[in-house]
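Chains as they are written, first to last, in my numbering: chain A, 1 to 285; chain B, 1 to 125.
A portion of the hints provided could be inaccurate.
Dumping the calculated DSBU-like pairs for lysine-lysine here, alpha-carbon to alpha-carbon at most 30 Å [stated by the list, open to error]:
id, chain 1, residue 1, chain 2, residue 2
1, B, 72, A, 257
2, B, 94, A, 233
3, A, 61, B, 54
4, A, 128, A, 228
Partial selection, computed: residues in chain A whose CB lies under 8 Å from chain B [unchecked claim]:
id, residue
5, 3
6, 158
7, 159
8, 171
9, 174
10, 195
11, 198
12, 215
13, 258
14, 270
Okay, the calculated bits of chain A under chain B, using three or more residues with CB under 8 Å as the criterion [unchecked claim]:
id, stretch
15, 17 to 31
16, 238 to 251
Don't read these hints as lab results, they were simulated from the structure. Glycine is no exception: its CB is placed at the ideal position from the N, C-alpha and C atoms.
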Amino acid sequence: MENILEIKNLCKKYKEFELQDVNITLPKGMIMGFIGENGAGKTTTIKAILDIIRNYTGEIKIFGYDNKKDSKKIKEDIGAVLDDMFFPEILTPNDINNIMKDIYKNWDSELYFKYLIDFGLPKTKQIKTFSKGMRKKLEIATAISHHPKLLILDEPTAGLDPIARNEVIDIFQSFIQNEECSIFLSSHITTDLEHIADYITFINSGKIILSKTREELLEDFGIVKCSKEEFEKIDKKDFIKYKKSKYEYDILVENKKDFYKKYGINTIDRITLEELMVLMIKGEE
Amino acid sequence: MDIIISNNSNQPIFEQIKQAIKKAIASDELKENEMLPSIRNLAQDLRISVMTVKRAYDELEQEGFIKTIHGKGSLVATKNIELLREEQMKEIEKYIDKIVLISKSSNISKEEILETFEYLYGENE
C-alpha cells in the first residue's frame, strides 16, 4: 500500500450543489493541501472521507481499506479536525484526556499534555473560556495525540494568529517525519500551503480542476505577460487560462521553460497559489 | 553548512538548495562521502515541502554531485573539479547573457562594457 488515501469518482448531490467525480490520491509520507473557494466542496469531501455524511457514491480507500465497510480497522489510525465540530463547552482539557483514553487504544496522555504546554493551554479551565485560536489548538492537540497515520484537517489554521499558525505548521512537519504518515488539509490561506504542502489539489464548484505536486504548480507553471499581438500568435493548446486587461494579457502556462523555448517571450513570472486560484476561476479558456 | 532560502528570490527554492549544496561541495565544507541531511529532516528544518528537497537531491544526483544509497541516504559523490568549474562557468555565462541583452537594447558599446568590467574586476581584487 503506497497510497494512504485514494478517492475514486466520489459524487454527492445536494439541492443546489454537487460533488462530481472527485478523484484524489495521497501517497504515504506526504502533505496534501486542498484548496478552493468557500462552498467549492472542500468540507463535503472531507466529511465523505470520514464517512460522516450519507448518500455519497464512489470509492474511498484509507490505508487500502474501504472507509465504510472497514471503518473499525481504520478509525484508530485517523486523526481529524473539522471546522464545525467543537467539544462540549463545560469540559476541560483534563476531561478530554480522560474521555480519549477510553476511545483510543493508542491514546498518549503524555504527548497530549506536552502539546497543551507547547500551545499554552490550561489543563483545568473550561473550554467555554477559550478563544477561537485556543479551541483550534486544543482540537489539533487532541487529533494528533493517539498517534494517527493520517491527519485530516478542515481549515486547521483558520482563526489562528501568525505565531500560532507557525507552531501548528511545525507540528505538521514533525508529524510527517515518520514516512508512514500523511496529512490531508484544506485551507484557503494559501501561503501556509505554498511551502509545506507536497501536493496541491484544487477544487472548484464540486470538481477537481488541478491536482499536482507543489513543484509542478509553483516552479513549472507560470504567468506569461504579453501584448495582444503576441497573444494572438499563441496556440490555444499551449496555455490553460488567460485574462486580458487593458494593457496586457496574463496567460497561465503549464511549463515556463517549454513556453519560452517555443515562443521566446521572456516576461514569464512565477505564480503564487493565490494568483493560480484567481486565474483558474476567473480566467478565460 | 548554510542554506539560505529567500522567498522573494526569482530562483525556485529547489534551485537555491542545489546552489547551497554545490557551494559547500566546492568550498570543501562538505567532504567526499560525507552524509547529507535526510530529505525529511532538511525539509522540516527549512520549513519546506519534502517534494522540494527531493527534487533538489534528485537533480544533484543526476548532475553527479551526490549519490543516494537506498535505505541509507545521500552522500557527496567523488569530487569532480571539472564539473564544478563547468557549473560555475555556466552561472557566469547567464550573467553575461544578460549584460549582452541590456547593452544591445540600450546601445551601450562593447568597449564601454569591457572598460567597466576591467575597472570593477580590478576593484574587487
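Each hint, compared with the structure:
1. Among the hinted pairs, residue 72 of chain B with residue 257 of chain A is inconsistent with the structure: their alpha-carbon atoms are about 34 Å apart, more than 30 Å.
2. Annotation: proposed proximity of residue 94 of chain B to residue 233 of chain A holds, straight-line Cα distance about 28 Å (limit 30 Å).
3. At roughly 27 Å between alpha-carbon atoms, residue 61 of chain A and residue 54 of chain B fall within 30 Å of each other, so this suggested pair holds.
4. For the hint linking residue 128 of chain A to residue 228 of chain A, the alpha-carbon distance of about 58 Å lies beyond 30 Å, and the restraint is violated.
5. With a least beta-carbon distance of about 15 Å to chain B, the hint placing residue 3 of chain A at the interface is violated under the 8 Å criterion.
6. This hint is violated: residue 158 of chain A has a C-beta 20 Å from the nearest C-beta of chain B, more than the 8 Å allowed.
7. This hint is violated: residue 159 of chain A has a C-beta 21 Å from the nearest C-beta of chain B, more than the 8 Å allowed.
8. Violation of the interface hint for residue 171 of chain A is found here, the shortest Cβ-Cβ separation to chain B being roughly 11 Å, above the 8 Å cut-off.
9. Annotation: residue 174 of chain A was flagged as interfacial toward chain B, and the flag holds, the nearest CB pair being 6 Å apart, inside 8 Å.
10. Using the Cβ-Cβ criterion of 8 Å, the hint placing residue 195 of chain A at the interface with chain B is satisfied: the shortest such distance is roughly 5 Å.
11. Look at residue 198 of chain A: its Cβ gets to within about 4 Å of chain B, closer than 8 Å, so that hint holds up.
12. For residue 215 of chain A, the interface hint holds, since its Cβ comes within 8 Å of a Cβ in chain B; the closest pair sits about 5 Å apart.
13. Here the hint on residue 258 of chain A is broken, as its CB sits about 16 Å from the closest CB of chain B, past 8 Å.
14. Interface hint status for residue 270 of chain A: upheld, as the beta-carbon distance to the closest one in chain B is roughly 7 Å, under 8 Å.
15. Taking a C-beta to C-beta cut-off of 8 Å, the stretch 17 to 31 of chain A contributes 3 residues in contact with chain B, enough for the three needed, and the coverage statement holds.
16. A count of 0 residues in the stretch 238 to 251 of chain A with a Cβ less than 8 Å from any Cβ of chain B is obtained; the coverage claim is therefore unmet, three being the minimum.
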